[in-house]
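**Student:** Listed here are the chains, written in short residue letters.
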Amino acid sequence: MYKIRSRFYKKGDMVFISHLDLVRVLERAFRRANIPMAYTQGYNPHPIMAFATALGVGISSEGEYIDIEVEKEIPLEDFMGRLNQALPEGLKIITSKYISKKAESLMSVINYSIYLVKLPFTEEVGVEELKNRLEEFTKLEEIIQVKEQKKKHRFKQPKTKEVNIRNSIVDIEIVQVEEKEAILKMTLAAGSNGNLKPEIVVEKFKEINGMPIELQEVRVQRLELLTDLNPQHLTPLDIDV
Amino acid sequence: MEKIEIQDILYKVEKPARYLGNELNSIHKTINESTIRYAFCFPDIYEVGMSHLGMQILYHLINNEENVFCERVFAPAIDMEEEMRKHNIPLFGLESRQPIKHFDFVGFTLQYELSYTNILNMLDLAEIPIYSKERAEDHPLVILGGPCAYNPEPIADFADIIVLGEAEEVQIELLELYKDFKKQGYKKDKFLQEAAKIQGIYIPALYEVTYKEDGIIEDFKPRVEGIPSKITKRIIKDLDKAFYPESIIVPYLNVVHDRVALEIFRGCTRGCRFCQAGMIYRPVREKSVERLSNLAENLLASTGYEEISLASLSTSDYSGLQDFVRGLIDKYSNDKVGISLPSLRLDNFSLELIKEIQKVRKTGLTFAPEAGSQRLRDVVNKGLTEEDLMNATEKAFESGWSSVKLYFMIGLPTETEEDLVGIKDLAFKVVDIYHSIPKEQRGKGLNVTVSTSTFIPKPFTPFQWEPQIKLEETSAKQSMLKDKLRRKNITYNYHDAKTSLLEAVFARGDRKLSKVLAIALEEGCKFDGWAEHFDFDKWMGVFEKAGIDPAFYASRKREYDELLPWDHIDAGVTKDFLIRENEKAQKGELTQDCRTNCSGCGINQGFIGGIC
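Line order of the protein sequences matches chains Y and U. Positions 11 to 251 (our numbering) are the ones given, in order, by the first sequence. Positions 15 to 626 (our numbering) are the ones given, in order, by the second sequence.
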C-alpha cells in the first residue's frame, strides 16, 4: 500500500458542489482514470481517502489537500495526468507526492487557513475608516460567537454555547478597497486548532462594528491551508512526511 | 438567444449543483439558427428526475440526431422558483441556460399522476400558455409521453402531441417530419395533422369528446379525416437493436438512484391483475447477454459508477440472469462494483445469486406479497404462496439478513377483514421464523417493516372498472393494522390515503379534469407527491370550484359497456381479455404466466406477429 498526498483546487462551478458531492466526484474519477485505489473493508467498500477540512458550498479554494491510498506504486505524472483528465473543470490536482504510510493525517497537521474575502458594502466605505474599524475589531479581547448545539430532543429548545473566537483570528489585512467593496485577507485557525469560518468573522465584524456589509453577497476564497506560519509558511506538502 | 445569468442566485439557493447543467456526460452543442431545440422536462426536482432511466435514454437518443439539441429541465425546488419569479427568470434548459419558451419542443414525461400540477407550473414558469389552444405558431410544441400517457385525457387539453408507448423510434420519426416541414414551410396545424398519422402519435385537439348527462362519455371521434379513430401504442421489436446510451449523465448530487441502470428486458409475463406496467409494456422482449455485457462495460467505464442495477419489471424472470450476473461478478468484483437486482420475485428467488452479490456490497431485502391471504393473492393473480415467502425469509435470515421489508396493498377488490388479519399473520410468522433460527446463525437486530399503500385502479388493467375504497375505509383499515402490528421488531408504514385518492381521480379521469388542474395551478398546488407540499383541503376546494366530484372518478364502479376515457387508445391488450381477467379475479381463479401458457391478451395480434 502506498500513500499519495496531493494539493488541488476547487473553483468555478465546482464551488457549488458540497464536500460529499466532491467525495463522489473523486471516487468516480479514480475509477475512470484507472487509479489502483485501495479500498476500505466491509460491506460498503470505499476508496481510502482523507481530506484536510471540508470546504463549505460556495467557497472556492486554491489550496485543498487530499491523501489517498493506492495498491501499487504508479508514477506521479501518470497519477496526476490521468486523474486530471477525468476530473471536471474547476477541479484539478496541482501537485502530488508519495508520503510515508505512517504520516500524520492531514486533519491533524493543518493549523491555519488563509482566505480572501470580498465584502460588498451597501454604502461607500473609505480606506481609513475600514482600517480603523478593523483595528477596533482586532483589538477586542473577546469576540463571542453563539453556537447552536445539535438538537438532542425534538421538543426541547436547542442548547446554545458561547465561544470566544478572538484567538482563532490570527490576522486580518486589507488587500483592496473600492467604493462599495473591499477585499480582506484573513488568517484564521483551522483543523486541529479549531475551525473558524471567515463568514462568521464577517458577521461579527458587521454586528460589533456596524459595518454596512451585504452578508448574502460576501464571497470567500481559500488561498492556503498551512501547518505552520512561523518562521515560514509550511503547507502539508512542505513538511517532512 | 441570450444565456440567463444565474450565478448570483446559485449562492442563495439550496443544492445549487442541481442547476449547473455540466455534469459528466451531459451534452453541450453549438447552437445555430437551424438547430432544433428540445427541452426534456421531468416534472419533479432534480434528484428524482435524474434517477429516471427513460430520460437518460431519450436525452442521448435525441442528441444523437444531427442538428437537434436536447436539454434537461427539472422542476426547480421551491427556493429556486421563488428566486426565479422574483428576478423574472423564465424556466431554462440546464445545458444552455436559455429560456425554453423559444425552443421547438417542450416534452414532459408522465411518470405519476401527482406530477400533473408541476407540469402546469413549469409551463407557467416558462412563460408558455398552459392550454394548447392558447399557444401560437412560435410557441414550442408541448409533447407528453410515458406510462401515464395511456390515459392522457386529464391533461390532453394542455398537450399538442402525446406519444403512446416506447418512444425510441417514434420520437425520431416525429423529428424527421418536423425537419421536413421546416424545410418546406412549417405550419403548426398541418404538421400536427401529418404527425397524427404516425403510429403512436395522438393529437388530442384533433379529436372530439361528448358526454352524456350523467357525465359519462357518449362519443369520442376524430374531427378530421385521414387520422385513426383508435391510436395504437408503439413498441420496439428488437431491443438488442434499439438505441441504448453507452454513457449516462452522472450527477454531482446524491440522487435517488445513483448508479448505472441497465434495462435487461421490457414487459412482464406474470399478469398480476392490479399492475398497469405488466399490461401496458407487453410483450416481453429481452436483451441478449452479449449486448448487456457490452453495455455494462461501456457504461461503467464512462461513468465510474460503483454500482450497477439491472432494471426490469421482474428481474428474476430474465432467462439469462444467472449467466449474466455471474459474468458481472467475475469481471467487476475486483473493482468493487456492486450489483443490485431490484424487482426480484421470491417464488424463484435465487438466494445463492444474491449471496454472491452481497460479497461485494450489501443491500436490503424487500418482498411484495401484495395481499395478506392466499385467497386475495389469487384474486390479484400474484402466484405466490405463504410457503414461498416463509422459505425465502428463512433462507435470508440463515444467510445473515436481519432486516426485511414486506409490501402490501389495502383496498384490493373483494378484500375483507380476514385478508387484513392475514397481513398481520404473515408479519408475525416472519418474526417467528427469525427466532427459530439459532442465534449464532442469524444476524442481529431483527426488523420487519410492513408497508401498505392504498390500491389505485389503473387503466388497461383487469381492475379498471373497480372502485377505489373510500378515505374513511382506508383510515379504518390502516388503524386496524396499526393496532394489530404492534409488536417488537415490527414497523408499520402506510401511504397517505389522500394522495392515493387524488392519484385515483387522475388515473382514470377524462378531459373535464383539465379545468380542475388549471384551477389547482392558480391556487398554487404543486409537488403534490411530496407530503410537505400536498394540501388536501386546498384540493377539495379546487374540485368544488370546478364543479367536479372526485368520487365520480375514484370510487364509482364502471359497467363493462361504459365508454372509458382511454378506450380510443390501443395498448395491445384487448378489452375482452381484461373483462375475462376481472371475472376470473372475482372467482379467485389464477391465470398462468404467459411463458407457460398464452392467456390470449391480444398483444400478439398485430404487434409482433404472433410470437410472444
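Warning: the hint list may mix true and false statements.
[As the list claims (entries may be wrong)] Restricting the straight-line Cα-Cα distance to at most 30 Å, the calculated cross-link-like pairs of lysine-lysine (DSSO-like) are:
#1 Y/K102 with U/K350
#2 U/K196 with Y/K169
#3 Y/K102 with U/K438
#4 U/K345 with Y/K82
[Stated by the list, open to error] Selected chain U positions facing chain Y (Cβ under 8 Å, derived; list incomplete):
#5 A91
#6 I92
#7 H271
Hints listed in this document are in silico derivations from the structure and should not be mistaken for laboratory results. The structure displayed is predicted, hence computed values, not measured ones. Just so it is clear, CB atoms sit at the ideal spot from N, CA and C, and this is done for glycine as well.
**Student:** Would you mind marking each hint as holding or not holding in the structure?
**Tutor:** Hints versus structure:
For the suggested pair Y/K102 and U/K350, the alpha carbons sit about 25 Å apart, so the restraint of at most 30 Å is met. About 66 Å separates the Cα atoms of U/K196 and Y/K169, which puts this hinted pair outside 30 Å; it is violated. For the hint pairing Y/K102 with U/K438, the CA-to-CA distance comes to about 56 Å; that exceeds 30 Å, so the pair is violated. For the hint linking U/K345 to Y/K82, the alpha-carbon distance of about 20 Å falls within 30 Å, and the restraint holds.
For U/A91, the interface hint is violated, since its Cβ never comes within 8 Å of a Cβ in chain Y; the closest pair sits about 14 Å apart. Evaluation of the U/I92 hint against chain Y yields a violated restraint, the C-beta minimum of about 18 Å exceeding 8 Å. Hint on U/H271 is violated. Least Cβ distance to chain Y is approximately 14 Å, over the 8 Å limit.
In terms of the numbered hints stated before, the structure departs from hints 2, 3, 5, 6, 7, listed from lowest to highest.
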